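Colleague: Using the supplied hints, reconstruct the complex from the two chains, each of which is provided in its own coordinate frame.
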Amino acid sequence: MVFASLTFLYFFLPLNLILYYSSKNASYRNLILTLFSFVFYAWGEPIWVFLLIFSASVDYLNGLFIEKYRGTFWAKLGIVSTLIFNLGILFFFKYSSFLYDNVNYLCGTNFQFPKYTLPIGISFYTFQTISYVIDVYRNEVKAQRSWMKFMMFVSLYHQLVAGPIVRYSHIMNEIDTRKFRIRDISGGITRFCVGLFKKVAIANIAAELVVKYLDNPDLSSLSTGEMWFGVIMFSIQIYFDFSGYSDMAIGLGRMFGFHYHENFNYPYIAKTATDFWRRWHISLGTFFRDYVYIPLGGNKKNGYLNLFIVWALTGLWHGANWNFIFWGLFFGILIMLERLVTFKKINKVPSFFLRIYLLFAVVLGWALFYFTDSSKLLVCFRSLFHIADIAWWDYSLTLTIKENIYWMILAFLLCMPVYQYFVVKYRKLLLAKNSKSLYWTGIAFSIVLLMISTALMVGKSYNPFIYYRF
Amino acid sequence: MDAKKFHKTSALHLILFTAVLILCAVLFFVVPKINISQMENRKLTPFPVYSWQNIENGSYLDSIDLYVADHFPFREKWVDLVDQYRNAGGIKDGQIAIIENDNFTMESIDTSKLDSVNLNIIQDSIKLDNAKLGSAKGLMIYDGMGIQIFGGSKKYSKLFASVINDYRTTFDSKINIYYMGIPAHGEYYMPDDYKKGNSESKNIEFTASLLNAPTKSIFIADYIRQHRKEYIFFNSDHHWTDLGSYYAYQKFCEVASLKAIEIENYDIEYRGHFLGSLYQITRDQRLKEKGDSLIIHKIRNKYAMKVLDNQKNYTKGSAGQMYYKWNNSYGCYISGDLPFERFDSDVKNNRRLVVIKNSFGNALIPHLVQNFETVFVIDYRYFEGSVYDLVMSQDITDILFPIPAFSSNTVSHIQRIKSILKVTNAKESNHLVNLQTQKANPQVAIFKVQICSAKEQKDSSFYLLKNIHHYSEYKNKNYFMYLVGETESYNEAVTLKNKMVLDGYDDATVRMFINGKLIR
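From first to last, the protein sequence lines are chains A and B.
Note that the working numbering has the first sequence beginning at 2, numbered continuously upward.
Note that the working numbering has the second sequence beginning at 39, numbered continuously upward.
Bear in mind the hints are in silico, worked out from the structure with no lab data behind them.
Just so you know, not all the hints are guaranteed correct.
To be verified - One side only, chain B facing chain A, incomplete, derived with CB under 10 Å:
id: 1; residue: Lys43
id: 2; residue: Cys62
id: 3; residue: Phe66
id: 4; residue: Met77
id: 5; residue: Leu82
id: 6; residue: Phe85
id: 7; residue: Glu94
id: 8; residue: Asp108
id: 9; residue: Ala126
id: 10; residue: Ala135
What the hints assert, rightly or not - Label-pair restraints from in silico Cβ distances:
id: 11; chain 1: A; residue 1: Phe386; chain 2: B; residue 2: Lys504; range: 39 to 45 Å
id: 12; chain 1: B; residue 1: Asn125; chain 2: A; residue 2: Tyr358; range: 34 to 40 Å
id: 13; chain 1: B; residue 1: Ala492; chain 2: A; residue 2: Ala389; range: 27 to 33 Å
id: 14; chain 1: A; residue 1: Ile410; chain 2: B; residue 2: Glu94; range: 42 to 48 Å
Unchecked claim - Derived DSBU-like pairs (lysine-lysine); straight-line CA-CA distance at most 30 Å:
id: 15; chain 1: B; residue 1: Lys460; chain 2: B; residue 2: Lys354
id: 16; chain 1: B; residue 1: Lys42; chain 2: A; residue 2: Lys426
id: 17; chain 1: A; residue 1: Lys377; chain 2: B; residue 2: Lys233
Treat the numbers as computed from the prediction; the structure is a model and nothing was measured.
All residues carry an ideal CB built from backbone N, CA and C; glycine is no exception.
In isolation and in its complexed conformation, chain B is listed as follows (with noise of 0.2 Å):
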């Protein structure tokens, strides 16, 4: 190539090259904005405030860089280009893939406020910065299904149960409490030759297991297990389909002494093609393909629905949409997740419901409505009223806490549920009974519990007994038992051992003395 031309072709390089540049910047000022992005959901990052302190501690001029990412011109075009760049980076495995890392915390919840929520956290040392992680541990995709991978503990069920006991100790017994612990697609869908992660249905066993009478629990891993060849879990959104809620629907009714509603008699409506979250947030080819549909069973009775602004006023607000018409995702169910509703049925039963839930609550609500003269609902994460107040002044006869087993393992969940109890007025009452002074009459049984038990004979300064005011030993054989409490009341003596389980006496159990001898 002679000097010339390559003069003339470098000179057309550089011209290209700034025409490309330039042609996005004008681009850019020239498409119209959106403030909305429906690919995504969410707000689009609008231009700065100008102030000196934005100036000064660079985020002005950070925003400008978020403003312009966020109004791209044909940013979703570009979008979809990335999309195939990375496709193009591997082979896809057609039946499964691992996507490992903290991002798929669906239920998320803005934690700037929960750091005065005091959890006692006294045996376990859980950081606090737990709470702004999630229990999941990261996704599995298998036959086209997003299966988010399970990583919570027993020492985050010790510490939502604790919180639910404060619920089950400041009401009435006669008011009836719910635990319905809800294990999503890992239980039912995970494959055998690749688990991953902790059992959810176990953790919610381990849960259930800590809550105090007459806390009732609703097991639905076994029933929905079942049906799981049905469209119970959708394949591209992590939440459940209302058939799937339906099935934990009669478990409930089973528990709570009510007559389920058959399937039979609701409606189906059919919405058509969407995209779940999972998808949006990995945008997976496999998830894309295989995608979901919105069947929605409608329920037959006449009901109203009210959203309610205010939070102290409990009956004032405007019309809700039990299957909001506008849109055709699981945000549909109840409008979604708006921070109180309440819902009034042609139902009279005398019985009126709280439902303390999460987005997962959604699809689960329509079905309660069909039982319950009223149900309010409360979404945790929004909510800014007080779940006491709300129960004490509306003659509340049932509280229910449908909780997925990944929200129930979440610090900040942990801790939201627990701030929005809000006792007021009355004092605290504590049904629990001060078992350490209470005397009992030895011709009957006695219950006590047992801490730990050592083949040598231990004093109080020994690790488990150290924090132990007051304790009694029992040789038994050829062994030491140390034991705390003593009642006539074996219900009593279960909530003294959760509460010690919770303190972080994993081994405690309960005994049964009869004239000072141990029976079991």
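For reference, chain A alone in the conformation it holds in the complex (with noise of 0.2 Å):
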């Protein structure tokens, strides 16, 4: 199931919440969660539920083991068997057939892999188990006790499918006891609104015009202007898509009190490639950093070797593809470089410019990022850069900008704390005047918000159908 969907919204949810709410007891509540992650998971991948409980299910027994057993030869081996066992499935169902294409076409070779369909979010779920039985190894947190408690905090379906990538540590507290607080039900409520918004109404929107210039089937066609847009507009889906899922997240987490941790800051204001990715998914840059940099030396032994190493995985991490491995190094090269010129250097820069090389950067990244078909890429940008026969500009471009200019005025406007410069005002506000208009403004305001997703999500269900055929 995905939460912009109207069965989600309209059923499930409420649903969920009603049965959550009707008792104070608290194994009945997490029960409760549990059951609906199960159905959530279950909704678009029946069989693979079963994998996630039984993945879950042995890092749930290596927690336990590695604690019972610690300081011992055993726990290492608890710990090793958690990595091949997590990083096996996930290379199995993920990179397994990326492999064999690729010593196919080096040995000239006809292998061929059974295809599965990938289970969803098992590169989230993974990470989340990964992350929980190092800490136990680390002795930075104690295992949990109950397999209902940790099947719970796996299949949270907040977070399951699309991240964060939470810690089991910062919700241990809360796994155990939850404080009912309604003002966080109420800023979970806005926050899921906003993530949903986002989504809806600026993602999905940003979709149609991606899928319109960079899927053309006449790539070679566009004019320079219309592969930038393109890729802008591909910018804009990215972050909406993903932040939007982020803050959706969040705010099921905060109605449910769970409190998870941001996963984004306005990565397009920043102002270099570290600054971005310290800005961008920011669960999984930890992850890297915590479970991979570190570990590895970090900056001491090997630096550079260690920047590639991570950001080769990090690349890889987002799809079996070529082109994901390349965007990755991409970033590390960026970063390398800013780390050769020196940050005493670069915070010398006006910040104007520092913005524009990140921004430029950033989208060229993603053109990288979108085209797993190397040829396709090439053709791109060939077009970004103009080293082709084609025209720079097309009047439909003018038209096509024209027509959605307030909605992208809206979305760039979103990319900058601009929402977040409005929400400390309205709270100030709040504070001094305590006026009954103001707090009716902002539950208006979700409920609006709620309101325009929901037209636009009813809205993709419309679809004509033009024959005369009676």
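Modeller: Written out as structure tokens, the structure reads:
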């Protein structure tokens, strides 16, 4: 199931809220959340829910095992087996066909890999459980004794399929005891509606424009302007899609008493690639920092090699294709260059130029990310830099921009901390004035966002049939 | 704001939010469900049928999502709200808009059955994926009219021409075959400042040039252009009006040696305002504002229309309506896209017509009924019978293909037209003379087909020659010509030339020799 669906919003969520809050018994609530999470997952993946349960159970046992034999050889064996098991299933489902393709290409063989559908969210939940077992091994957290609670931690539908990668340590207290605070619920609702709006009213519309340009069957006929527009729209789409999902996850968490860490912090206002990755998909960046980069030696030993390993892996995590690896390495190179130039010098450059540099790099990076087909990627880059016999601009692009201009302005503003600015102002006003109408504005705001998003979701099913057959 | 009040208003927020969710959910169950959406002209998704297989592959639950979306309470109001959101997103140019994507293939076809239809694609590497693609490159909205952008090209024309030539070789030359390529809005209304896409009339002319004699082509573009200020095309619908089709009918009569009925001899019926297919797809405000009216030119002949249910029984069927009274849009003509119909008129001239058409032909049919004893109408997208059998058993004298350029440039349509010919019993007749072996008298004019020429002498390993078994070489001043075939009949040579063009020899030309010397 996905958040941006009518079934979720109007049936699943209210039912979940009602059943959850109908009793104060903590075990009952945990059970409800876990069961709903299973249904949520099984909605799209009826088979793979068993893989999820199996995989989580292995990690649950490993956690207990490691704790019991802490400091001995057996604990080491436990951690190794967890890594092999989790990375193994991740590799099997996500990367084996990529490996087969490459082996076939290099050796001229023709091995056929049996096709599986990729279990949704596998990249998220395997990383989540890996981080848990490593934390237990490092004695940073206590192993969870209750299978039920552990199951709930792994399967929580808020973040199961699209992140953020929630660390056990962040919510371990809330797994055991959650406080019911109505303020949290109200805040969570607003956060959820904002996320839903970002996904449905911005990302989905950007996606239509991306398809129009970047999926054009005649890609090489696009003008330079159209190609840039397409790639910029993809930058909008991926940010609002992903951060909208994170917002919804955080909002849902708050509705049920969980506090997940922020996953995005206005990445497009970053000034350097290093800064960008502190703001983009923070839970993934910190995962690789804490569980790969630092254990490898960080910047103290083989710093640059470690950097490239981390960035190649970051790229690969996003998808089983070379373009994702190159995309990761592209950022690795930028970060390396930034370190070579030193931040002391970089900070002397006016912010405006740094932001231009970063946006340019990020948008180019998204082009690399988008095209899994290298020949199309080449066409795209040729067009972006006008190294082809094509037009600079097409008048239809002027029309497209005009027709979406207010929406584009909204999207660009929301990439900057404008919303944050108004929220802070609003809160100050609320504290100072104590006015009813102000509070109503807040409530109305979330309901309006909900209504617009609902309309757009209903509108998606609009599918006219144009034959004249009775 | 003090903490207590804050607590209170937060609770209110929660109550309101859940109330909205629950209200919609309750309404979903309470509001009576409809099965057909008038707005979209389609059947809404039914509640899925339970089966373990459906559950296992996820389709059961996916269908529930579709069911919920299709039956959401006050769905049409929500869709209107989407229009408002989208309209508020920018500035709509009052005059022009361009929507480029391939969602505008209007006469789409169920392509699932077509994979077995072999089009003998020899030189052109048209991938089968293209069968699913249409030739429409998008839509331009100009002055409140939707104009489809044409993306057809020569390679599709060749395929289409080869299929019409199949029909030609199958039937005796006494049976007239007509090709009427129909250009749509773009031909007449595409503004010069914003030219987009390819020319439909040029594409049609190219197609016609590849058709073997005695197929007759009816060129309607120039004549219709003279009437472009009249209401000949709808604004919000991708079809022509019946007035537009009337001018095409006049042109047809000229070529088919028939006398067209004067426009004054029709009765006019006004059916009022409607919004057509292009509006339904785009929901564009400009199309909505301009809109369309349905003005029907009714014929005065006596006729009987039968909807043939069984596609092998050419006489029995239920009565149909020429101008379907429950439909106030283009769909009224001959009651829409039925697979197979028959019209018998009071005309006595021993001429019996088969029209092989898609919905563009619908408005044309009433006009044609005025000039034939019997008209059989086949919608090639749905017809399951055999054109061969129909033509042979019903003494057909004329076959007409009124085909929009958009369709003749779409592989699935070409496949479909080919697949319904279905030559039965008699073996497939092939009138193409085997020109390679025929000996001709050297004293008279001889026609050959030049496939290529070169400054240097080439042998059979040359890429243009390696697939040709018998060819001859002719040295002309300072270059070498390579030729195939040898015949005294110019028509046969043209037929061969067309075949060579279809095989990918784009530059094939007919050459005349007398006493072994090149004349022209």
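Colleague: Does each hint fit the structure? Answer for all of them.
Modeller: A quick look at each hint next to the structure:
| no. | hint | result |
| --- | --- | --- |
| 1 | Lys43 | 7 Å, holds |
| 2 | Cys62 | 5 Å, holds |
| 3 | Phe66 | 7 Å, holds |
| 4 | Met77 | 8 Å, holds |
| 5 | Leu82 | 9 Å, holds |
| 6 | Phe85 | 13 Å, violated |
| 7 | Glu94 | 6 Å, holds |
| 8 | Asp108 | 5 Å, holds |
| 9 | Ala126 | 7 Å, holds |
| 10 | Ala135 | 6 Å, holds |
| 11 | A/Phe386 with B/Lys504: 39 to 45 Å | 41 Å, holds |
| 12 | B/Asn125 with A/Tyr358: 34 to 40 Å | 37 Å, holds |
| 13 | B/Ala492 with A/Ala389: 27 to 33 Å | 32 Å, holds |
| 14 | A/Ile410 with B/Glu94: 42 to 48 Å | 47 Å, holds |
| 15 | B/Lys460 with B/Lys354 | 21 Å, holds |
| 16 | B/Lys42 with A/Lys426 | 21 Å, holds |
| 17 | A/Lys377 with B/Lys233 | 27 Å, holds |
Against the hints set out earlier in the document, a violation occurs for number 6 only.
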